[in-house]
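Engineer: Here is what each chain is made of, one letter per residue.
Number of protein chains: 2
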Amino acid sequence: MGVRDIGLPERVPSGGGLPRRVSIWEVGPRDGLQNEKAIVDVGVKLEFLDRLAEAGLTTLEATSFVHPKWVPQLADAERLLEGLVRRDGVRYPVLVPNERGLERAFAAGVGDIAVFGSATETFAKRNLNSTVDGQFSMFEPTIGRALAEGLRVRGYLSMCFGDPWEGPVAVEQVVRAGKRLLDLGCFQLSLGDTIGVATAGQVERLLNAFTEAGVGIDKLAVHFHDTYGQALANTLAALHRGVSTVDSSAGGLGGCPYAESATGNLATEDLVWLLDGLGVEHGVDLGSLVRTSVWMAERLGRPSPSNVVKALAG
Amino acid sequence: MGVRDIGLPERVPSGGGLPRRVSIWEVGPRDGLQNEKAIVDVGVKLEFLDRLAEAGLTTLEATSFVHPKWVPQLADAERLLEGLVRRDGVRYPVLVPNERGLERAFAAGVGDIAVFGSATETFAKRNLNSTVDGQFSMFEPTIGRALAEGLRVRGYLSMCFGDPWEGPVAVEQVVRAGKRLLDLGCFQLSLGDTIGVATAGQVERLLNAFTEAGVGIDKLAVHFHDTYGQALANTLAALHRGVSTVDSSAGGLGGCPYAESATGNLATEDLVWLLDGLGVEHGVDLGSLVRTSVWMAERLGRPSPSNVVKALAG
Numbered sequence: 000m001g002v003r004d005i006g007l008p009e010r011v012p013s014g015g016g017l018p019r020r021v022s023i024w025e026v027g028p029r030d031g032l033q034n035e036k037a038i039v040d041v042g043v044k045l046e047f048l049d050r051l052a053e054a055g056l057t058t059l060e061a062t063s064f065v066h067p068k069w070v071p072q073l074a075d076a077e078r079l080l081e082g083l084v085r086r087d088g089v090r091y092p093v094l095v096p097n098e099r100g101l102e103r104a105f106a107a108g109v110g111d112i113a114v115f116g117s118a119t120e121t122f123a124k125r126n127l128n129s130t131v132d133g134q135f136s137m138f139e140p141t142i143g144r145a146l147a148e149g150l151r152v153r154g155y156l157s158m159c160f161g162d163p164w165e166g167p168v169a170v171e172q173v174v175r176a177g178k179r180l181l182d183l184g185c186f187q188l189s190l191g192d193t194i195g196v197a198t199a200g201q202v203e204r205l206l207n208a209f210t211e212a213g214v215g216i217d218k219l220a221v222h223f224h225d226t227y228g229q230a231l232a233n234t235l236a237a238l239h240r241g242v243s244t245v246d247s248s249a250g251g252l253g254g255c256p257y258a259e260s261a262t263g264n265l266a267t268e269d270l271v272w273l274l275d276g277l278g279v280e281h282g283v284d285l286g287s288l289v290r291t292s293v294w295m296a297e298r299l300g301r302p303s304p305s306n307v308v309k310a311l312a313g
Numbered sequence: 000m001g002v003r004d005i006g007l008p009e010r011v012p013s014g015g016g017l018p019r020r021v022s023i024w025e026v027g028p029r030d031g032l033q034n035e036k037a038i039v040d041v042g043v044k045l046e047f048l049d050r051l052a053e054a055g056l057t058t059l060e061a062t063s064f065v066h067p068k069w070v071p072q073l074a075d076a077e078r079l080l081e082g083l084v085r086r087d088g089v090r091y092p093v094l095v096p097n098e099r100g101l102e103r104a105f106a107a108g109v110g111d112i113a114v115f116g117s118a119t120e121t122f123a124k125r126n127l128n129s130t131v132d133g134q135f136s137m138f139e140p141t142i143g144r145a146l147a148e149g150l151r152v153r154g155y156l157s158m159c160f161g162d163p164w165e166g167p168v169a170v171e172q173v174v175r176a177g178k179r180l181l182d183l184g185c186f187q188l189s190l191g192d193t194i195g196v197a198t199a200g201q202v203e204r205l206l207n208a209f210t211e212a213g214v215g216i217d218k219l220a221v222h223f224h225d226t227y228g229q230a231l232a233n234t235l236a237a238l239h240r241g242v243s244t245v246d247s248s249a250g251g252l253g254g255c256p257y258a259e260s261a262t263g264n265l266a267t268e269d270l271v272w273l274l275d276g277l278g279v280e281h282g283v284d285l286g287s288l289v290r291t292s293v294w295m296a297e298r299l300g301r302p303s304p305s306n307v308v309k310a311l312a313g
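Protein chains in written order, with numbering that gives the first Met the number 0: chain L, 0 to 313; chain B, 0 to 313.
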């Protein structure tokens with residue numbers, strides 16, 4: 000495909016230390032599709048998941064057990080999981096908001112779940128109808144029961160870098176909430192810039208604060224949105240701090256290029272281009288992934304917002 | 000405008016050294032508009048330049064004296080410069096390809112010019128009908144005469160990080176060509192990733208090679224295109240190496256979001272968001288700039304590809 004045939008991007012490691020390998024946590028089927036206007040047919044979703052696995056992605060956040068009233072795009076979670084042909088070596092985590100969601104996950108035979116917390120009071124109120132402290136009494140039984148059943152649990156923490164109602168978020172507040180999710184048994188904590196306002200210095204500061212608080216960098220993942228165009232620069236800053244799990248969305252799903260306010264996830268293809276250039280392993284076949292995103296964009300009836308997809312699909 | 004009213008982005012300097020202040024070299028009116036399909040009326044261009052100055056930008060690359068056969072979008076260069084009301088403290092450099100272009104620049108009373116060289120043989124042949132060595136015999140009299148008349152001359156070097164025909168470009172080749180432009184009297188050298196393929200490690204390596212070859216970092220500017228989504232991450236890498244002049248294009252002009260292969264410049268707004276977050280001074284009023292880019296996008300009949308413009312104009 001295009002430029003890559005003549006050895007581009009050239010592989011040149013960046014100074015200052017980088018992980019040898021990065022695990023890409025692909026959130027397109029969940030975080031991407033839940034933020035698209037179109038409701039995608041379950042058959043298309045299943046083919047999407049299969050093509051992402053075929054492209055070499057090994058963690059595919061498949062769907063969500065949030066109530067369909069809130070996320071109609073993923074109301075087909077049970078049907079999706081019923082039809083899913085799981086591949087060896089691929090994990091298919093599912094978002095679970097509470098014990099009711101966990102029951103659905105048990106019933107569907109899910110092995111990996113993720114819970115979703117807030118670093119700020121306003122978002123805890125709006126998204127969870129709770130408080131920053133109160134949310135943990137909801138997570139505690141959910142995570143406890145999941146762990147008791149042998150599930151692996153990831154913790155998401157949203158609004159880690161800025162909140163649309165509260166503005167800047169105190170680092171101590173983020174570290175405190177994040178540590179509680181880890182203490183409850185989450186194997187990994189994904190730090191979300193939910194509204195995409197963060198810049199590189201903030202990313203460094205927050206990661207440093209977590210490590211100073213005794214949290215290993217291997218426990219931390221980053222989850223950036225490209226609302227203000229900062230997602231990849233923030234990722235670079237996180238890689239330099241040793242982060243080796245990065246969330247991204249195939250084709251930048253979730254950020255419609257025609258929307259007045261784009262809030263898409265970092266595009267997996269743009270991340271892969273960076274990692275290729277830095278010589279960091281990731282296991283993904285970029286050509287195969289781009290073809291998948293082009294195919295999905297056709298299903299959604301609009302072009303992919305990913306720059307790499309636009310460039311290589313031309 | 001939106002999120003900024005509550006103190007976002009939060010100002011947090013990035014570790015590893017950053018310039019206190021960055022000079023933004025605004026290329027929208029030239030590099031941006033010459034790559035747009037639409038041919039913009041000279042009156043609109045003049046208002047655009049005036050609004051950019053009003054927003055606080057102090058270097059506005061106004062137009063080009065490349066032959067109109069090659070760049071019909073800028074065929075009105077003389078009329079534009081005739082109508083231009085120059086502001087105190089603002090520079091309006093003009094691209095000049097050769098002595099014939101320089102004559103036009105003299106006639107128009109231009110005080111700042113830029114010449115445009117290639118780091119690779121294929122692009123030197125295709126863009127200048129010359130060779131990497133041969134181009135300097137064209138630049139030598141152009142730059143010499145310009146300097147003798149008291150003009151300030153900038154040197155652009157294109158294809159510094161990858162060439163669509165040749166693939167990776169040897170660092171020594173780029174340093175050699177760049178040094179020749181500086182030796183001929185250019186006050187500054189802008190290193191261009193013309194096809195947008197570079198990643199952060201390459202940027203660091205090239206900047207290090209220039210400083211090892213005795214070129215002061217204050218002589219170097221960076222010029223990134225966002226074809227593969229890397230422009231801002233590359234800029235961050237350059238800032239950490241001490242670069243303090245960055246080229247960008249208001250609203251990301253030059254990269255149509257509907258084009259199959261987007262090749263736009265780094266958007267000035269996305270750069271400003273990063274600099275604001277890092278606490279690096281730049282002198283630009285972001286709200287005013289966004290309003291200007293929205294206004295220009297309306298003139299072009301399509302939305303701005305800049306993420307910040309999309310987010311703040313929503």
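Treat the hints with care, as some may be off.
[Said to hold, decoys possible] Listed below are the simulated SDA-like cross-link pairs for lysine to any residue, each with C-alpha atoms no more than 25 Å apart in a straight line:
| no. | chain 1 | residue 1 | chain 2 | residue 2 |
| --- | --- | --- | --- | --- |
| 1 | L | K124 | B | E9 |
| 2 | L | K218 | L | R20 |
| 3 | B | K68 | B | G42 |
| 4 | L | K124 | B | G42 |
| 5 | B | K124 | L | I5 |
| 6 | B | K68 | B | T57 |
[Said to hold, decoys possible] Not the full set, but computed from the structure, chain B residues with beta-carbon under 10 Å of chain L:
| no. | residue |
| --- | --- |
| 7 | G15 |
| 8 | V39 |
| 9 | T58 |
| 10 | W69 |
| 11 | Q72 |
| 12 | W164 |
| 13 | I194 |
[As the list claims (entries may be wrong)] Distance windows between CB atoms, simulated:
| no. | chain 1 | residue 1 | chain 2 | residue 2 | range |
| --- | --- | --- | --- | --- | --- |
| 14 | B | W164 | L | G16 | 30 to 40 Å |
| 15 | L | P140 | B | E53 | 57 to 67 Å |
| 16 | B | G42 | L | A212 | 55 to 65 Å |
| 17 | B | R301 | L | I38 | 39 to 49 Å |
| 18 | B | R301 | L | R151 | 42 to 52 Å |
| 19 | B | R103 | L | Q172 | 56 to 66 Å |
Rather than coming from a laboratory, the hints here were simulated on the basis of the structure.
All C-beta atoms, glycine included, are put in the ideal place defined by N, C-alpha and C.
Engineer: Does each hint hold? Answer for all of them.
Structural biologist: Now for the hints, and whether the structure bears them out:
1. K124(L) <-> E9(B): Cα-Cα ~23 Å, so holds.
2. K218(L) <-> R20(L): 15 Å, holds
3. K68(B) <-> G42(B): 21 Å, holds
4. K124(L) <-> G42(B): Not OK: K124(L) and G42(B) at ~51 Å, beyond 25 Å, violated.
5. K124(B) <-> I5(L): 19 Å, holds
6. K68(B) <-> T57(B): 30 Å, violated
7. G15: This interface hint holds because 7 Å falls under the 10 Å limit.
8. V39: 23 Å, violated
9. T58: 21 Å, violated
10. W69: 22 Å, violated
11. Q72: 21 Å, violated
12. W164: 8 Å, holds
13. I194: Result: holds, 7 Å to nearest chain L Cβ.
14. W164(B) <-> G16(L): 30 to 40 Å: 35 Å, holds
15. P140(L) <-> E53(B): 57 to 67 Å: Given about 58 Å between the Cβ atoms, the range holds.
16. G42(B) <-> A212(L): 55 to 65 Å: 59 Å, holds
17. R301(B) <-> I38(L): 39 to 49 Å: 27 Å, violated
18. R301(B) <-> R151(L): 42 to 52 Å: 45 Å, holds
19. R103(B) <-> Q172(L): 56 to 66 Å: Since R103(B) and Q172(L) have Cβ atoms about 60 Å apart, the given range 56 to 66 Å holds.
Comparing the model with each numbered hint stated earlier shows that hints 4, 6, 8, 9, 10, 11 and 17 do not hold.
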